[in-house]
Amino acid sequence: MHTDALQATPLITGGKRATDVTRDVCGPLEGRPSKLWYLGMAAALSAFGLGALAVGYQVANGIGTWGLNRTVGWGFDITNFVFWVGIGHAGTLISAVLLLFRQKWRTSINRSAEAMTIFAVICAGIYPVIHMGRPWLAYWVFPYPNARGPLWVNFRSALLWDVFAIGTYFTISLVFWYIGLIPDLATVRDRATGLRKKIFNVLSFGWVGSARTWSRYETCCVLLAALATPLVVSVHSVVSTDFATSVIPGWHATLFPPYFVIGAVFSGFAMVLTLMIIARKVMHFENYITMKHIHAMCKVLVFTGSIVAAAYLTEIFTAWYSGSSYEQFVFLNRAGGPFAWAFWIMVSCNVITPQLLWIKRVRNSVLAIFILSLLVNVGMWFERFVIIVTSLHRDFLPSSWSGYIPTKIEFGSLIFGFGLFFTLFLLFCRFLPMIAMFEVKAVLERPEPKELPQSPSENEEVAA
Amino acid sequence: MMRRLHIGFFDDEQRLLSAARECRDRGIPVLDAISPFPVHGIDEALGIEPSRLPWVTLAGGAVGATLGLLLQYWTAGVNWPLNIGGKPLDSFPAFVPVAFELTILFAGLATAGALLLRSGIWPGKRHKPGFEATTDGSHALILEERDASFEPGAYRELLLRHGAERSEEREEVIS
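Protein sequence lines, in the order shown, are assigned to chains Y and U.
Residue numbering for the first sequence follows the working numbering, starting at 1 and increasing by one per position.
Residue numbering for the second sequence follows the working numbering, starting at 1001 and increasing by one per position.
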């Protein structure tokens, strides 16, 4: 195999040719699903069903079924919302930012990472809607001419910015992902027969792959990536302003936008790692999602994890340096108050364990990376929980201090998100090509051509 | 009217490129090149101009930004002026996030829409038959026989000389 000094190990191993890529990626879609897939689907659907019961019960009876109270007005609902929005960020980072930086290793994982983004944003969107208590009036968040005045939405509110940020993020991610899918859907179409061919014929938009279309297509992808990059930064910044524009100690910090964005990338990459480690094992994609890809993601994880740690320290320093006793109390209360356990889970999973990735032995063990990535997911969920609940439960006025005990309906809504996410992801793995075949084909290492093509000038007389 | 096409199928994009370059240098009309992935250098070999999509993005973004700001100023300051926390009616900094999101939304949708329109692809469009291999691993170069200056055998010879795995002739009805 051809290698050079700069690229000692190839991106795709196993000496794959373009036709092998098609076969390997389309194969699993054409056969029957494996037992593992059914098992995963059964687990995901059970979680989804159980969660749907809890959410249904809550919608029918109101948010009094949750453990929220006068002081702690946001709990699991907004924690889940911020968690899922954050998960989505890695998908966009991989597909858009790494495209702009011409990082070729993204090609094996960008499709599934972006699918993850879309499913995570769907999950995220559910929580604010059910938190409204009357979700059937959710359309009131849109500025449309109405019979109430018209009384318009309040554009000076960070909560409304969320509607636009999440809405745009979902739409643009979906469009970018689908445009990326079109050439691969055409590949599936050309291999399929019968009903599948008909379906994929509709889905693939009549794609052929002419040079002119490819040229336009590549321009379009770069443009969408250039639009998605500031978008992804804006989305979690806007989410952070839900907190930062308030006056609650622990929320009212200018650090919040970058802190949230980097936390989102951190948690998102952990989720990508979790999913990819499972996918490469279950779908036998070891030659496509190689240790090189996993190592690259580990590097991003340790880098973003260190920035998250720096952000935690900055927060604590700012609280001390501000001289505000309320600010200082919040941080002392986080580390030693009733929710100290949540704070220390957050610190252990986000600050301490990811640093183990500096050690080569840890980085070479897929199992260790898998466990670490799960821990980061746990830690980042708790980060949002800590930010939201510990800041709220000790109000300015000690007489309104309270606790927060989530009810089983809230645990149900937490499970609902995971059930929905994994159901969608497993359906995606089953029915759509989860590796961007055309992009992988373009970065394959090719064997040296057997004979050099002749230059036209030498053959003038032969052809004429 | 009928036109006669000579199609060469290549397994390697370097061969496709060298064949396309020779056609360009000798003035042989190349109708199209079909590839399973974007081949770098084919634009130049076929004389494809850079896409003008960025202008569509710019226009879409400008429309989004304008509409976003107008929407906010008109609803919050003109149609139903509301005093919210004593903030001024002209709350420009607060209007930036929504205007920004709408800029991105309009620019992105305009770009994607323009791609579909200009490339003539849409849901359910029937695809050209006979190019199933090109979504797998094969590249096709389609030459058009436009006049009698080359004998038909010369096209086939050119394609095979550059390493085409196979070449075929097709007649196509053009209206």
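In case anyone wonders, no lab produced these hints; they're calculated from the structure.
C-beta atoms are modelled at their ideal positions from N, C-alpha and C, and glycine is treated no differently.
It cannot be assumed that every hint is accurate.
Stretch by stretch, here's where chain U covers chain Y in the computed footprint (C-beta under 8 Å, at least three residues) [unchecked claim]:
{"hint": "1", "region": "12-21"}
{"hint": "2", "region": "65-77"}
{"hint": "3", "region": "201-207"}
{"hint": "4", "region": "299-312"}
{"hint": "5", "region": "353-360"}
Hints versus structure:
no., hint, verdict
1, 12-21, "holds (count 4)"
2, 65-77, "violated (count 0)"
3, 201-207, "holds (count 7)"
4, 299-312, "violated (count 0)"
5, 353-360, "violated (count 0)"
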